[in-house]
Amino acid sequence: MTEHEHPEHEEHIVSPGLYLTIILTLMVLTAATVLAAYVALGQFNIVVALTIATVKATLVVLFFMHAKYQPKRTQLVIIAGIFWLGLLLFMTMADYVSRIDYRGIRFPFS
Amino acid sequence: MHRTGELYGQFKTLEQQKDTATLGMWIFLVTEVMFFGGIMLAYTLNRHVYFAAFSMGSNTLSLKLGAFNTIVLLASSFTMAMAVWSSQTGKKNLITMFLALTLLLGFVFFGVKYVEYTQKFHHHLVPGKSFDIFYCSKNPAKCQDISEADMKVENEELEKASAADPDLNAHAQLYYSAYFGMTGLHALHMVIGAGLLLWLLKNSLAGAYTPRWNTPVDMVGLYWHFVDIVWIYLFPLLYLIDRHK
Chain A
1 MTEHEHPEHE
11 EHIVSPGLYL
21 TIILTLMVLT
31 AATVLAAYVA
41 LGQFNIVVAL
51 TIATVKATLV
61 VLFFMHAKYQ
71 PKRTQLVIIA
81 GIFWLGLLLF
91 MTMADYVSRI
101 DYRGIRFPFS
Chain B
1001 MHRTGELYGQ
1011 FKTLEQQKDT
1021 ATLGMWIFLV
1031 TEVMFFGGIM
1041 LAYTLNRHVY
1051 FAAFSMGSNT
1061 LSLKLGAFNT
1071 IVLLASSFTM
1081 AMAVWSSQTG
1091 KKNLITMFLA
1101 LTLLLGFVFF
1111 GVKYVEYTQK
1121 FHHHLVPGKS
1131 FDIFYCSKNP
1141 AKCQDISEAD
1151 MKVENEELEK
1161 ASAADPDLNA
1171 HAQLYYSAYF
1181 GMTGLHALHM
1191 VIGAGLLLWL
1201 LKNSLAGAYT
1211 PRWNTPVDMV
1221 GLYWHFVDIV
1231 WIYLFPLLYL
1241 IDRHK
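These protein sequences, in sequence, are chains A and B.
Residues 1 to 110 (this note's numbering) make up the first sequence, in order.
Residues 1001 to 1245 (this note's numbering) make up the second sequence, in order.
Treat the hints with care, as some may be off.
[As the list claims (entries may be wrong)] Covered stretches of chain B (in silico footprint by chain A; criterion: 3 or more residues with CB under 8 Å from a CB of chain A, positions within the stretch not fixed):
| no. | stretch |
| --- | --- |
| 1 | 1132-1138 |
| 2 | 1173-1179 |
| 3 | 1219-1232 |
[As the list claims (entries may be wrong)] Just some of the chain B residues that point at chain A, by a computed CB distance under 8 Å:
| no. | residue |
| --- | --- |
| 4 | 1030 |
| 5 | 1184 |
| 6 | 1236 |
FYI, nobody ran anything at the bench for these hints, they're computed from the structure.
Because the structure is a prediction, the values reported are computed rather than measured.
Where a beta carbon is used, it is the ideal one built from N, C-alpha and C, also for glycine.
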């Protein structure tokens, strides 16, 4: 038997039950984010909204996109991508919030 | 084009071949993350600077339609995941059914987006010469799709926002440019996704996908889920800025 006749393709198959659990969790989180938006938390509303969004995105990546069952090399690419996005966001925001213009006025200038 | 799960010379096993395709797809998706990430960063900065105008703009969006579309898109991700499962377990009729359901939910999303965009055109909220955030408060007769109670709240908010920002109209226009830019790019990705789904449907009707070879279903699935993730972020960023009053 040559290798390409190998009948078993060792792929992890996620069960429909797990998909169902994930989608229900995502729906509950969507309801939670809408409800949380109506609670006055000041600056923290956006933090709560983005935290819930990140939990939802993580569930989609891990289970719907099977990242949990991928080889480490693929997972590394995903983590590197998120890290790079973090650099983009963090460095740019750090620059803006610490910037003072020629009149000595702090960002946001107006 | 290999359709039957033939093993290419550079790979040892079909599993390795599939892992390689998946790795390539993820590298592409990471470039998409950077693409949308840059736009969301630009949005975040402007929202920080012109908070009153962005919050005003956000409150003119329909939360009901936005939340409904979020649910539709999440459901379409579920049906897409089920299409992948059907192809992995060799259920040929189910693959076609779940792909068709995914496409259908995609069209429901477009339908709702069409309603939302149309409303923005009627309310003079599309960036350009006739953009006017005060249009509905000046011409309530032409905005009868907004309920009286909502109109009252909107007028109060407009008053507060104009006090906070003397150039409210210009900055609200900036919010709407971001809104149309971001949702438009997202919708463009959905259109591409819908095209890919049609292609998968055609092949799946011909019985092309089997447990041995279902790479296209899996890869389009990854793309579709990614587009869903973009919306998972767009929804709170655009619709939920400052709902609490």
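- Numbers of unmet hints, in rising order: Hints 1, 2 and 5 not satisfied by this model.
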